[in-house]
Amino acid sequence: SQQGEEDPQALSIQEGENATMNCSYKTSINNLQWYRQNSGRGLVHLILIRSNEREKHSGRLRVTLDTSKKSSSLLITASRAADTASYFCATVINQAGTALIFGKGTTLSVSS
Amino acid sequence: DSGVTQTPKHLITATGQRVTLRCSPRSGDLSVYWYQQSLDQGLQFLIQYYNGEERAKGNILERFSAQQFPDLHSELNLSSLELGDSALYFCASSVRGTGDEKLFFGSGTQLSVL
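Going line by line, the protein sequences match chains A and B. Using my numbering, you'd call the opening residue of the first sequence number 128 and step up by one each time. Using my numbering, you'd call the opening residue of the second sequence number 187 and step up by one each time.
Mixed in with the good hints, there may be bad ones.
Stated by the list, open to error - In silico BS3-like cross-links for lysine-lysine, where the CA-CA straight-line distance does not exceed 30 Å:
1) A:K153 to A:K183
2) A:K196 to B:K195
3) A:K231 to B:K288
4) A:K197 to A:K231
5) A:K231 to B:K243
6) A:K196 to A:K231
7) B:K195 to A:K153
8) B:K288 to A:K183
9) A:K231 to A:K183
10) B:K195 to A:K231
11) A:K153 to A:K231
12) B:K195 to A:K197
13) A:K183 to A:K197
14) A:K197 to A:K153
15) B:K243 to B:K288
16) B:K288 to A:K153
17) A:K183 to A:K196
18) A:K196 to B:K243
19) A:K153 to A:K196
20) B:K243 to A:K197
21) B:K243 to B:K195
22) B:K288 to B:K195
Source of the hints: derived by calculation from the structure; they are not laboratory data.
Full structure from sequences and hints, please.
Okay, here's the thing in structure tokens:
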């Protein structure tokens with residue numbers, strides 16, 4: 128079962144534009160993580176935001192977390208063709224406690 | 187390179203067969219996770235081990251089993267394979283296995299059941 132659900136499922140933009148992906152989740156969380164997956168490769172961790180944080184930055188990435196709405200967003204600024212990938216949010220379901228559960232992801236295509 | 191090693195990279199087998207996927211975690215990581223990724227189901231959590239003990243169980247079928255050995259490498263055994271088991275199987279590792287740290291993923295084993 129999925130805990131997080133990303134939106135949109137697919138996003139196509141031009142190089143230089145910003146890309147925003149959203150994630151909604153169902154249960155209370157301690158933290159939320161974002162990962163990137165290039166086609167057919169392993170996932171790579173991008174950023175972790177804790178439940179007491181509202182915003183976090185890492186290079187061209189900006190992640191926000193709204194625990195009252197049970198949602199998070201990932202903003203990639205000034206997108207590059209190399210940002211083309213699938214992006215996943217992941218959280219721990221409290222019942223499971225320790226295992227990250229991933230959403231179905233947003234597929235981002237950046238064209239030059 | 188994440189430091190997580192999965193073998194083999196590709197596996198082609200027939201229905202009804204049994205296969206073993208192997209994972210070596212990053213040096214120093216005590217926890218190993220297994221995930222299955224398919225187009226229709228997305229990335230599904232199967233099972234997690236910490237220092238040789240099962241810590242969390244997800245959507246793992248009874249035909250599947252796993253274990254983590256004293257040297258911390260892990261194996262995922264898939265038996266009585268069906269066409270629907272064709273998927274990309276990922277192993278990931280982390281230091282403490284507590285859910286509040288990042289995971290490092292291997293490059294996966296692509297399983298094709300014919």
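Hint check results:
Between the alpha carbons of K153 (chain A) and K183 (chain A) the distance comes to roughly 21 Å, so the proposed pair stays at or under 30 Å and holds. The suggested pairing of K196 (chain A) with K195 (chain B) is violated, with an alpha-carbon distance near 40 Å, which exceeds 30 Å. This hinted pair checks out: K231 (chain A) and K288 (chain B) have alpha carbons roughly 18 Å apart, not beyond 30 Å. Proposed proximity of K197 (chain A) and K231 (chain A) is supported: the alpha carbons are some 17 Å apart, at most 30 Å.
Under the criterion of a C-alpha separation no larger than 30 Å, the hint pairing K231 (chain A) with K243 (chain B) is consistent with the structure, at around 19 Å. For the suggested pair K196 (chain A) and K231 (chain A), the alpha carbons sit about 19 Å apart, so the restraint of at most 30 Å is met. Proximity of K195 (chain B) to K153 (chain A) is assessed by CA-CA distance (about 35 Å); at most 30 Å being required, the pair is judged violated. Of the supplied pair hints, the one linking K288 (chain B) and K183 (chain A) holds, its CA atoms being roughly 15 Å apart against a limit of 30 Å.
As the CA atoms of K231 (chain A) and K183 (chain A) are separated by approximately 22 Å, the hinted pair is consistent with the 30 Å bound. For the given pair, K195 (chain B) sits about 23 Å from K231 (chain A) by alpha-carbon distance, which is consistent with the 30 Å threshold. The suggested pairing of K153 (chain A) with K231 (chain A) holds, with an alpha-carbon distance near 14 Å, which does not exceed 30 Å. Proposed proximity of K195 (chain B) and K197 (chain A) is contradicted: the alpha carbons are some 37 Å apart, above 30 Å.
With a C-alpha separation of about 16 Å, the suggested pair K183 (chain A) and K197 (chain A) falls inside the 30 Å cut-off, and the hint holds. For the suggested pair K197 (chain A) and K153 (chain A), the alpha carbons sit about 7 Å apart, so the restraint of at most 30 Å is met. A C-alpha spacing of about 19 Å is found between K243 (chain B) and K288 (chain B), which places the hinted pair at or below 30 Å, so the restraint holds. Between K288 (chain B) and K153 (chain A), the direct Cα distance comes to roughly 21 Å. Compliance with the 30 Å bound is thereby established for this hinted pair.
The straight-line distance between the Cα atoms of K183 (chain A) and K196 (chain A) is roughly 17 Å, inside the 30 Å bound, and the hint therefore holds. For the hint linking K196 (chain A) to K243 (chain B), the alpha-carbon distance of about 28 Å falls within 30 Å, and the restraint holds. Annotation: proposed proximity of K153 (chain A) to K196 (chain A) holds, straight-line Cα distance about 10 Å (limit 30 Å). Using a Cα cut-off of 30 Å, the hinted pair K243 (chain B) and K197 (chain A) holds, with the two alpha carbons roughly 24 Å apart.
Among the hinted pairs, K243 (chain B) with K195 (chain B) is consistent with the structure: their alpha-carbon atoms are about 24 Å apart, no more than 30 Å. At roughly 23 Å between alpha-carbon atoms, K288 (chain B) and K195 (chain B) fall within 30 Å of each other, so this suggested pair holds.
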